[in-house]
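Enquirer: Chain by chain, the residues run as shown.
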Amino acid sequence: MIDRLINYLLNNFQVFAPTRIGQEFFVKEVKLAKEIDLSGRITENSWKNIFLPVSETIFNFQQNKIIKLKNKIKPIVALGMNILDLQALGLFETVFSKDKYYQERRRNILVVGLAVGAPSEFKDWQVFSYNLEENILEHLPFDIFLEKQKNNQYKIYESSERGQAILEKTKITDYQHLEFAGLIREEGPDPKMLRVMDKIKVSRSNKVWEDLGKICLACGKCAIVCPTCFCYDLHDQSVDLNAFERQRTWANCFYPEFSKIAGEKVFLNTIAQKIRFWYEHKFWRIPKEYKIPGCVSCLRCNKVCPVGIKIEKTLSVL
Amino acid sequence: MPNEVIIKKITQLSVDTKLFTLAFKDKIYQGNFSFLNGQFAMVGIPGAGEAAYNICSDPSASKKFWEIAVRKVGRLTSIMHQLKVGDSLWVRAPFGQGWPKLKNLQTANLLLVGGGCGFVPFRSVALEILNDKKLLKNFQVKIFYGCSGFDYLIFKDEFVNWQKFFDVKLIFDKEKKLPKANKLFGVKCDLGLITKLFDLYPITSDATAFLCGPAIMYKFVLEKLKQAGVPDQNIYLSLERRMDCGFGICQHCACGDKYVCTDGPIFRYDKIKETELI
Chain A
-15 MIDRLINYLL NNFQVFAPTR IGQEFFVKEV KLAKEIDLSG RITENSWKNI
35 FLPVSETIFN FQQNKIIKLK NKIKPIVALG MNILDLQALG LFETVFSKDK
85 YYQERRRNIL VVGLAVGAPS EFKDWQVFSY NLEENILEHL PFDIFLEKQK
135 NNQYKIYESS ERGQAILEKT KITDYQHLEF AGLIREEGPD PKMLRVMDKI
185 KVSRSNKVWE DLGKICLACG KCAIVCPTCF CYDLHDQSVD LNAFERQRTW
235 ANCFYPEFSK IAGEKVFLNT IAQKIRFWYE HKFWRIPKEY KIPGCVSCLR
285 CNKVCPVGIK IEKTLSVL
Chain B
-12 MPNEVIIKKI TQLSVDTKLF TLAFKDKIYQ GNFSFLNGQF AMVGIPGAGE
38 AAYNICSDPS ASKKFWEIAV RKVGRLTSIM HQLKVGDSLW VRAPFGQGWP
88 KLKNLQTANL LLVGGGCGFV PFRSVALEIL NDKKLLKNFQ VKIFYGCSGF
138 DYLIFKDEFV NWQKFFDVKL IFDKEKKLPK ANKLFGVKCD LGLITKLFDL
188 YPITSDATAF LCGPAIMYKF VLEKLKQAGV PDQNIYLSLE RRMDCGFGIC
238 QHCACGDKYV CTDGPIFRYD KIKETELI
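Here the protein sequences line up with chains A and B, keeping their order. If you read the first sequence in our numbering, its first letter stands for residue -15, the second for the next number, and so on. If you read the second sequence in our numbering, its first letter stands for residue -12, the second for the next number, and so on.
A portion of the hints provided could be inaccurate.
[To be verified] Dumping the calculated DSS-like pairs for lysine-lysine here, alpha-carbon to alpha-carbon at most 27 Å: (1) A:Lys191 to B:Lys206; (2) A:Lys249 to B:Lys260; (3) A:Lys84 to B:Lys14.
Note that these hints are calculated values from the structure, not bench results.
Only chain B is shown next, with the shape it has when bound in the complex (with noise of 0.2 Å):
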């Protein structure tokens, strides 16, 4: 049974996403509300139906409030743009596994790979790590993050203070010129897809990565991490499917003998390999 949720503040964060700032009505609940990174909530409108997001604020902060980026890209997610502070929507959450727990990583050095709007659960990452001083000091992080245009970069007001503790670099696959001095709010940047990211900045064997992204950029980081030495057990894969139950029942989401929903939809690479799940 969904549970309404009050929206606290709506931030645009590109032309086409916005980010939902959220409560639940139920100021108990919400004090109880807790989740892990890389979750998801299915979060729908009476009359619109329901939908997955993930939620991409610091688990930290789960008892306040809650965060869901938002990208206008069918009927639910339209409806959603036109919401205003105030709105309700209506919640089932958390679902799924979330990326694996950053002190139980086998290496300290976490590569996050993020494509389009797949950028969206690292932020909740980032935030963990820039919120826990010992986190912050064992790990080193590199963010890639391809994008298509300048226009539809997400969390960008957010790079600057990112850039002080990691290692961020953006490339755009649909813009002929590059910014001024190469940089855009305080970030390195280049021109083409995500994996000549890997040749300008090589990374190392001992890297964790984390991926969230189309399935045809999987394709092609996968092999880059391949011939950077990175084991397949430390490659994680956020993954995409519909979802109408979240309890691994209705099937929508099933591939194999998986599911999206309550096995993911994070997996680890060398679990999923064999299957057709990216």
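Okay, chain A solo, but in the shape it has when bound (with noise of 0.2 Å):
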């Protein structure tokens, strides 16, 4: 049944998969079914450059004008999305929900959700705790969801009338409608994230970023890992003299060009301060804004960093 849809999937979109390279597992671009990895594990890399590329042009200056792009995008599906990475989706959903260059992409995007049951690690996650069983697909953006049974079968769902329509096609009729009830649940905010909320507006003062700051290379790659981090610059590409490029790429807020302006003006000087930079985006403005978390505990962050700062750590002390 899973094969069938893999198969439909594979003939009539660009297809995008965890898949497994040596030892590690990374989301790419697969045009074999055997290439998928269907274990659920954590992939190196997020799924974030399908929803916001690492630089895509906005639009075009020729002659003087600004000439709109009506590039076709094929339809794109992230097949094998784990809860967590759900979550961050479900985050730049919320982020991006007017920004007309996000929702022209994600409209030719098909989601495709994977569970394959608690991962071993779920205890060490505790200083997040967000609640991620019960009725979590409910507050996940996704058109179809794969949910893997003890008997090694698939529970399958759909939320949207493409992922309805696409089951049909494949002629999968065992499947069950969930009603996507927004990221929030009913009781209201993670009350953990509160928390953390209330810790991190106060800790400017807190010694922790100063130890952190020692530590830490200002590298960047957390960032990048990050499927929640969405930081961009906006600037100009030539194409030739009378032609440029508005194009909008991934920031990193460890970088010194973040914070720079003209007259090489640099806000965040230190790198304490980037860091409770990072933090603060996460664990304040993004909570406080949104509602919803800024981490979704991937612990990616803590795998590429060099001189091993883990994020949870980091917030039990604050």
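Build the complex: two chains, separate frames, hints provided.
Expert: Structure below.
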């Protein structure tokens, strides 16, 4: 049943899915079903490049006129997004809800979620404690969701007309409809998230930032792999003498250009300030503005940090 | 999406600063354009990018034209300084929260304190008052303007008129000798830092202070305001940060839970005194 769905997607979409490369797992474009890894492991890279490309041209200037892009974007499937990555996608949907460039791209992306049961590291994640169990699927954005059962069979859900149409086309009839009930649960914003926010608000003089500032190299890898880091730059790129592209590219708050203005003045001067800026975005600004977590506890940042900074440890000493 | 504006006039304000008088190419768009004192525009040139500039003309003339003062300090501003009348710029505007509405202020004793090119946003405040008889009658306006040298003064041609209605004081920190009769463009001058003006011309606790200048100026001017007994809630500051989107999304101008582009660039002091914004 699942094979039929996957083959249909491979034949009709550009498919991005988790795939195994050596000992590691990456989200990348796949052509064959056998390349796809459905073990539910958290991939090294996040899915955000599919939704918010590292660099995208948002419009062109030609002969002093703005030329709107009419690129046909090939339909894409994000196949096998786990619950944490779907939460990160939910944040993007909220942040970029009025962003027409994001929305145009998003309309062409079909999202297929995947769950294979709680990961073994789950007990280590209590510091985040976001409720990942009860009714979680109703609060996640997806078109189709595949839930692996203990008997290795998949329970299938759809949450959109588009998802339903694809299931019908692949002659899958045993599925359940789930109505998306918004990212915020009925009982309100996550209490633990609010507690962390209250702590970070008053943490400016906490020694932890200076301590982290001493070991952090400001390499910015955590921001690159983070599925919720969405900071961006707007800048122009020359095509020829009379043509330029306005591009939106990923920004990184650990790099000096991030806060630099004309005259070479930089506002985030120390590594301690940059680290705190990164945490404040996830645990203060995002929860305050959108009432949803700015960190989905995927721990990709821990994995890539060259000096071993652990996000859950930082939060626990605030 | 940026809109094209045509440069209608260019005025050299000082050795490194030009005033650009602009109007949207689309006349209907221009006819509907409005802004508040202290709001800013994202102004760009294809290929050179965009940056934030305070709109410094009279808001009541916004439907006909509007102006920005541009100091040559980086790549984009250097290219802007080469432009001629009739050339185009590309603009998204207006953005941000402006200065508080003058008629809503708690006191009618207005003090404008500007340092260097931080003086730019006060021109639209001054023009709004000068062009509104009621405001002109109700407000006592004192202007403290600190500048490095005589050659860097901006809006000096307007001082003679301002001096008739406002109490304007200038101070220069890099000049060694005062000009003739200690006056420049009809305005009394002194030598030293801007804080010296607070010693020479004391202010009263009923002042409402608008500040715009470098962070170091804020530190010392805030001390002087505190000594004079001006309450924190009657002090407003204009802050500077890198801005890319203008909507509070891209994060470049974020600090704590504030965005300079949407919550500012003008902030009431008591609301940000515990932050690192200043």
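Enquirer: Return the numbers of the hints above that this structure violates; sort them in rising order.
Expert: Of the numbered hints, all hold.
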